[in-house]
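J.: Listed below, chain by chain, are the residues.
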Amino acid sequence: MSLDQLYQQIILEHSKARHGSGLAGAEVPDGASSGKSHQLNPVCGDEITVRVAVADGKVRELRWDGDGCSISMASASVLTDLAEGMATEEFRSVIGSFREVLRSRGKVAADPEILGDAAAFEGVARYAARVKCAMLSWVAAEDALGQAVSH
Amino acid sequence: MVATPAHLLRSAAALGNEEVLRIRNDFPILSQSVNGKPLVYLDSGATSQNPLSVLEAEQEFYEQRNSAVHRGAHHLAVEATEAFEDARESVAAFIGADPDELIWTSNATEGLNLLSYSFLNASLPGAAPAAARFALSTGDEIVVTEMEHHANLIPWQQLAERTGATLRYIPVDDAGALDLEAAARIIGSRTRILAFTHASNVLGTINPVAALIALARPTGALVVLDACQSAPHLPLDVKALDVDFAVFSGHKMLAPTGIGGLYGRSELLNAMPPFLTGGSMITTVTMERAGFLPSPQRFEAGTQKISQAVALAAAANYLSETGLDRIHAWEFKLGQRLVAGLESIPGIRVLGPAAGQERIGLAAFDVAGVHAHDVGQFLDSRGIAVRVGHHCAQPLHRRLGLTASTRASTYLYNTTDDVDAFLNAVADVRGYFQA
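Residue numbers (my numbering), protein chains in the order written: chain A, 2 to 152; chain B, 34 to 468.
In case anyone wonders, no lab produced these hints; they're calculated from the structure.
Hints are supplied without guarantee of correctness; some may be wrong.
To be verified - Simulated DEER-style distance windows between Cβ atoms:
1) B:54 with A:93: 53 to 61 angstroms
2) A:152 with B:66: 53 to 61 angstroms
3) B:66 with A:82: 37 to 45 angstroms
4) B:47 with A:39: 46 to 54 angstroms
5) A:3 with B:55: 31 to 39 angstroms
6) A:94 with B:85: 52 to 60 angstroms
7) A:130 with B:290: 17 to 25 angstroms
8) B:80 with A:108: 26 to 34 angstroms
9) B:105 with A:104: 47 to 55 angstroms
10) B:450 with A:90: 43 to 51 angstroms
For clarity, every value in this text was computed on a predicted model and none was experimentally measured.
Heads up, the beta-carbon is just placed ideally off N, CA and C, and yes, glycines get one too.
Okay, chain B solo, but in the shape it has when bound (with noise of 0.2 angstroms):
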């Protein structure tokens, strides 16, 4: 394995500009220009970039130990197996789970539809005893919120529309909060699944998981946390947060695309009937049935994303040893600079929370006159990299009167200056385009 930079060695102080230009040069990527100006990457939020250790691990199992995992007696199956278990290990306890309950899926979208055709398996006529408790009929409620990506929204409408179940939502403030009041009206006997996102890819806001759970566990529904933008920016203990299932895309923190997890509690996991089926996850096999695997294999049909596995493992413990806490609180700080920044800036709506609040390092915005594409572009043309459009998130859109919006998202390897550029260039915006 690769050594732990120096400088990642765990520390007490606080995160700060001259530690961040250290880990910046552990991202390759970040050292180049774009259109003559120096890259100054806010696109965080939509996907990460890779440090040299997590490139190096994935690398490094191509070179040392490729082989099919959980089959064959020879040496390098057993190192592929050993890496990929230990991978799993590592993941697990960076969210807080046991090993046995993380199931490696492509991306937090995969997570999500394994659920939902899990959860539409059980509702089929012949779904085993044990798989009643998932099954949803007419009557049942499927309860999600406003503000959700439409990762967690298009799943649970999908099995709403073909179990008969009622799809309902919590809706949002015009502060970018949930209406708690709502809630407690919505959340109730009928309820059987309540999917929300921890953190809002658009507003920022981190949603109140305990006050939910307490309105769920009552009802005896089933909690979904979408941890997407939470498990790479702060510390996550799903067992803390007494969630039933949580799901986090791995290019969303510094590991390559196509590997993600999703975190269920052991006794649902291996309740629950499979979603893709095949090599790998049986027991007994005869032509006309098959046993499964209790979990994780049970949920891993077929030839795994084994190296991007070792690769998440790699960013997880580069994170680890960053301090989650630590970034945190360091893009607590950028995500306020970046608010206050904004809201200074005439013609510009900041979306969510104001500037003070508790938000995650991101700002999607709004320029009077100006479409998104457009403010996109502008920024482009001065190196900065930003998301525009609906973030995969209409619905909320819709309800704060937009159709798009401009974000930037920041990570552990922005500083303040890139935060002063880009607000430099917003403040350019409405000028060029004669708003």
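Just chain A, with the same shape it has in the complex (with noise of 0.2 angstroms):
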């Protein structure tokens, strides 16, 4: 496996790009309900807070700060683009799709009908030591949402 299949373009630009970074000064949206997470990633120090408003079943918006590393940030990145305006309960399947996909040593192909640009980060599923990095956001995501639902 080539170093360009870990790093395709997409990971790269939404590196760069980080769709819905920011959460100083960030309110949130009238009229939705939110839950915020913190993951942490001892073995390298990445941190990611991320935050998930949702209203009338959807996910209204997500907002995140965070500093690591290529695939972690571009992970936040694409995530955001993918969870805004989704229902909740659909985000709640994709992201356990994510999930099978990243920890199944590469065995489970990604479908990018379920997972959009998020397909893009099968290849880090064969490099154990970055499935935490790609996931850290989700799973941020997915403790967010919980707490934003129950409310």
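Dock the two chains into a complex; use the hints.
T.: The structure is reproduced here in structure tokens:
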């Protein structure tokens, strides 16, 4: 497996674009309930805080603050694009699919129909040391979503 | 025992690439390819590789002499005990200690925990009167430095928390050196323990042991030296350094994992309460109480790491015969080549002393716009093994304004070609990640 299969162009682009990045001063949208989760990768010290705002059974907005490698930053950016506007139940199931692919050591192929741009992270599954980088924001989002829905 | 290869017999000549290429023949693991490229192993600061003589010593022990030590009267028990205690003698001599002053541990982390737990035991009600000199309470201070590996920080944090003592630290300046003026203010009459690293695993800085000891001695503080990054790379003499305790890990000095050492002055070790208790460390046992053996058995409860100790002695022998002064001089060259090369690459910030200044043969650095994990992944694609992350030194990275860095660390089996292959790859990193 080559480096370019891990660092697909879409990942490199998202690692710079960082959609959804910036929590400071960003208010929760009116009428939405929200949850917030902080996750840390103790191996490298990378961390991320994700806030999920929910209204009418859908993800209204996802915002995050974080510092980390290109895989973790791109993953949070792609996650933001994917989540916003999605029904909360579907979002939960998409997170489950992403986790299944990432933890499969390359045995489970990513379905672009379900995962969209996040399918580009399929190659990460072959790099055991990097799976946590890709999962960090998704784990935070799952936790934040749980809080937002229970409010 | 395995005969020492002829080329390792001590020679006054400096180590050079030609000899290093011969040394590499003793390390089978280094001749493999990774991702289609010859392996360039620059992660010896994390763990080093084993020469054949070390692997053979361990195998020979299991094939010929394996048995429990210090018990049983049969032939193998005697042979194993002899091998075990011979190993202690060799490794003690390697660091300038007497054999009864060297306690086998799993690694430096365990050695530091042994000290902190022993001092905690000394601080509890009912401790033996001889242990009073190790007891800590409110008002006492433990001093460490801002550049410590977590292994030489967290045991002291825990000890302070449990005894009411205060943990203080000597800050690091922007160039990666300890602030000795601050040290002179911090180390004082309340200081009971001063624990610091001999050489930084991130900065490469070699700390001024004599200057720190000069500050500590008048206070009566116990001095603990973390020799993890020095014992493998430069001549170490714990008596000449005049420290009270020192720790090191075998796996960073050509030995297997699972073995390391704690040096302590004999009079201190024999007054300290035990840490782990059980078999092999006692005199008389009744259902109510037990008496304890003197050091080193006092701190070696249970069946020991016998084959690993034998292998560590073989590793120390390999290093001694190559010559620690020659290894140190060679790694100094490699370290300078690393730093000078890295400093000439745009967007690279080298941590620690600048080119031309003393450092051990490693360099940690930050690449502008590229995270250390990505740097390491890119280098791996070229067959180059480095360490990425905080290197178990989060406070130091925070001090330097970073969460992570990339570290290349050399050893006696690295050539200047290894360093150049690494530098060429680093020069391509920012382009690849469009930074």
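J.: Each hint: holds or not?
T.: Each hint tested on the structure:
1. About 58 angstroms separates the C-beta atoms of residue 54 of chain B and residue 93 of chain A, a value consistent with the hinted range of 53 to 61 angstroms.
2. Taking 53 to 61 angstroms as the suggested C-beta distance range, the pair residue 152 of chain A and residue 66 of chain B conforms, at roughly 55 angstroms.
3. Distance hint for residue 66 of chain B and residue 82 of chain A: a CB-CB separation of about 39 angstroms, consistent with the stated range 37 to 45 angstroms.
4. Look at residue 47 of chain B against residue 39 of chain A: about 52 angstroms separates their beta carbons, and that is inside 46 to 54 angstroms.
5. Under the hint 31 to 39 angstroms, the C-beta atoms of residue 3 of chain A and residue 55 of chain B, about 35 angstroms apart, fit the expected range.
6. At roughly 54 angstroms, the beta carbons of residue 94 of chain A and residue 85 of chain B sit within the given window of 52 to 60 angstroms.
7. The hinted range of 17 to 25 angstroms is satisfied by residue 130 of chain A and residue 290 of chain B, whose Cβ atoms lie roughly 19 angstroms apart.
8. Taken as a hint, the range 26 to 34 angstroms holds for the pair residue 80 of chain B and residue 108 of chain A, whose Cβ atoms sit roughly 30 angstroms apart.
9. Here the CB-CB span from residue 105 of chain B to residue 104 of chain A is close to 49 angstroms, well matched to the stated 47 to 55 angstroms.
10. Under the hint 43 to 51 angstroms, the C-beta atoms of residue 450 of chain B and residue 90 of chain A, about 57 angstroms apart, miss the expected range.
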